[in-house]
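Heads up: the sequence lines are chains L and X, in that order.
Using the working numbering, the first residue of the first sequence is number 1, and each one after it goes up by one.
Using the working numbering, the first residue of the second sequence is number 1001, and each one after it goes up by one.
These aren't lab readings, by the way, just hints derived from the structure by calculation.
Worth double-checking, as some hints may not be accurate.
[Unchecked claim] Heads up, simulated SDA-like pairs for lysine to any residue below, C-alpha to C-alpha not over 20 Å straight-line:
| no. | chain 1 | residue 1 | chain 2 | residue 2 |
| --- | --- | --- | --- | --- |
| 1 | X | Lys1078 | X | Leu1053 |
| 2 | X | Lys1078 | X | Ser1191 |
| 3 | X | Lys1078 | L | Val225 |
| 4 | X | Lys1017 | X | Ala1056 |
| 5 | X | Lys1078 | L | Leu216 |
| 6 | X | Lys1078 | X | Ile1061 |
| 7 | X | Lys1078 | X | Thr1029 |
| 8 | X | Lys1017 | X | Gln1221 |
| 9 | X | Lys1078 | L | Pro224 |
[As the list claims (entries may be wrong)] Simulated restraints, written as ranges between beta carbons of each label pair:
| no. | chain 1 | residue 1 | chain 2 | residue 2 | range |
| --- | --- | --- | --- | --- | --- |
| 10 | L | Leu131 | X | Arg1119 | 42 to 52 Å |
| 11 | X | Thr1029 | L | Thr139 | 35 to 45 Å |
| 12 | X | Ala1070 | L | Val234 | 22 to 32 Å |
| 13 | L | Leu131 | X | Pro1090 | 17 to 27 Å |
| 14 | X | Asp1217 | L | Thr102 | 55 to 65 Å |
A quick note: this is a predicted structure, and the numbers were derived from the prediction, not measured.
Using N, Cα and C, we set each Cβ at its ideal position, and we do this for glycine too.
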Amino acid sequence: MIRPQPLLLGLLLLSGVSLAAALLIGSVAVSPGTVWTVLWGGGDALQRAVLLELRLPRALSAFAVGGLLALAGALMQVLLRNPLADPYILGVSGGAAVFTLTAMLLGASGALLSGAAFGGALFTMLLVFALARRQGSWTPVRLLLTGVVIASGWAALIGFILAVSPDTTLRGMLFWLMGDLEFAARPYSAWAVLAAGLAVALVLARDLNVLARGDLQARALGVPVGVLFPLLYVGASLLTAAAVTLAGTVGFIGLIVPHLLRLVAGGDHRVLLPGAVLLGGSLLTAADTLARTVIAPQQLPVGVITALLGVPVFLYLLNRRGG
Amino acid sequence: MSLLLETRGLTVGIAGKTVCRDLDLRIATGQRWAVLGPNGSGKTTLLHTLTGLRAADSGEILIQNRPRAAWPSRELAKIVGTLLQSQDDPFSSTVIETVLIGRHPHLRRWQWESADDRRRAVAALAAVDLQEFEARMLATLSGGERRRVSLAAVLCQDPLLFALDEPTNHLDLHHQVSVLNLFARLALENSRALLMVLHDVTSAAHYCDHVLLVYGDGEVQAGPSGELLNEENLQRLYGHRLYRLRGPDGVAWLPAMTRQI
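In isolation and in its complexed conformation, chain L is listed as follows (with noise of 0.2 Å):
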């Protein structure tokens, strides 16, 4: 068990590093004396081009898209109790997916499909609410089954928009489905849901520590559980919501990170929540700069990196601490 202190300056270092990479490497050189350079004002057009408008938004926005999803896996895992939940189980990626793609197949592009992402969480969001609210007071069960078959239900609409979609919108639909930052310019908004976010779950985690065993038992400690339940709920939403809209449904981190961090480190949600957010930004920030450089100039989804790296890291880390 790595202690908090250790664990977050470590997480903080690992944070500059893969944004420093992310800053570095590419299909033009760039040195470190440059970078700094051009971020205090200086270097050439070209220099200032490829680092503040192509590298620089796409590192961040990376970084802001892995700690969101990254922190609302966390609190969705402990809203369901649940260690499976990740930020998608309840349909928010889902809707989303199914009104980008319809925007995408009448011919939207840029904000219009960001805004129809974002239209699509939130609607999704209010559904499963109000569908998991209907008779009075909700459980995680209830909530959860609800979530997963109105996710079903837009994985069966997403197929169907695939299979009439034409050909020249394939590509595009497939790359935002597998989560892909290509297109995630402006990274700005995405940073301040995740520092409300964050902010908010800091305040609560303590209560979440205590949610963890159980809602009864929290309600026995104190817990006000009947207004904790829907701040989660509506917090690690929007959080997905926020994430989804910048780079589409980016698999795995939030399902992986925190349980990482709860193998190395436990479960105090108070270590637990920021380290999530560091290490969520941290691999997705490395795994974009490998999904752009690996088979240059091609460039790979995000999504299918963090996959491909995640599984065999979070497997020898399961089978080291034997379960």
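Guided by the hints, dock chain X onto chain L, whose structure is given.
Here is chain X on its own, set in the frame of chain L:
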């Protein structure tokens, strides 16, 4: 002796069934109450209602002479500590982390567990015979050991009223006795009170000075165990014959082993 919990005209029901009707109950410090009754009679429902985990149908519940609903939930958790009948833990965590959860109501929002909180947790673990289990993962413990971790968490919570739902679940005989001794002594010597659901009438007779008999048809009898624990009441309670025996440590209640009413 001071009054910890009082009910006035309490009526509790669940799923169309009445657990108790117009119950007047007074639990004071130093008292040990056993809740006895057959499966499905509503013992847990009644315990949860008394401790604030569910609402009553009608009637009043006062904690330290103040209506239960008027208590902020965290303040209430400093006075009433509840051990649930069962506990599942889908997430891995260490034994000490789990026990320290009991300190939650005592800590302010940004406060971390202090060295004193840790000392309390370690002492609570020692009290349930789990010395040097602090760093163990919960998932590697046996059912009885995990039950004792939950008991240590309630000890660590340090409430005035211990409300324990079948505290001896999964425990071997030695640990059943030592755990019941521990809580009974805490109630008697440290001006706490104990309210626990039990299935063993002998333990109830030995460790508790009061009993709540929950018959399951809406009738509940509350009073001193010496008066209420008799063959007639117990036969009606369980629909089963119990023999009163004299053991080396006092009265023992032995159920008839062959099927008879």
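Against the structure, the hints come out as follows:
1. As the CA atoms of lysine 1078 of chain X and leucine 1053 of chain X are separated by approximately 15 Å, the hinted pair is consistent with the 20 Å bound.
2. A C-alpha spacing of about 15 Å is found between lysine 1078 of chain X and serine 1191 of chain X, which places the hinted pair at or below 20 Å, so the restraint holds.
3. Under the criterion of a C-alpha separation no larger than 20 Å, the hint pairing lysine 1078 of chain X with valine 225 of chain L is consistent with the structure, at around 17 Å.
4. A C-alpha spacing of about 13 Å is found between lysine 1017 of chain X and alanine 1056 of chain X, which places the hinted pair at or below 20 Å, so the restraint holds.
5. Only pairs whose Cα atoms come within 20 Å are accepted, and lysine 1078 of chain X paired with leucine 216 of chain L is accepted, the gap being roughly 16 Å.
6. The straight-line distance between the Cα atoms of lysine 1078 of chain X and isoleucine 1061 of chain X is roughly 17 Å, inside the 20 Å bound, and the hint therefore holds.
7. At roughly 15 Å between alpha-carbon atoms, lysine 1078 of chain X and threonine 1029 of chain X fall within 20 Å of each other, so this suggested pair holds.
8. Pair hint lysine 1017 of chain X plus glutamine 1221 of chain X holds up; C-alpha atoms about 17 Å apart against a cutoff of 20 Å.
9. Of the supplied pair hints, the one linking lysine 1078 of chain X and proline 224 of chain L holds, its CA atoms being roughly 15 Å apart against a limit of 20 Å.
10. Roughly 48 Å separates the CB atoms of leucine 131 of chain L and arginine 1119 of chain X, a value that falls within the hinted 42 to 52 Å.
11. Checking the proposed 35 to 45 Å range against threonine 1029 of chain X and threonine 139 of chain L shows it holds: the Cβ atoms sit about 36 Å from each other.
12. A C-beta distance of roughly 29 Å is found between alanine 1070 of chain X and valine 234 of chain L, which places it inside the suggested range of 22 to 32 Å.
13. For leucine 131 of chain L and proline 1090 of chain X, the Cβ-Cβ distance of about 24 Å falls inside the hinted range of 17 to 27 Å, so the restraint holds.
14. Between aspartate 1217 of chain X and threonine 102 of chain L the beta carbons are some 60 Å apart, a value that agrees with the proposed interval 55 to 65 Å.
The structure fails none of the hints (numbered hints given earlier).
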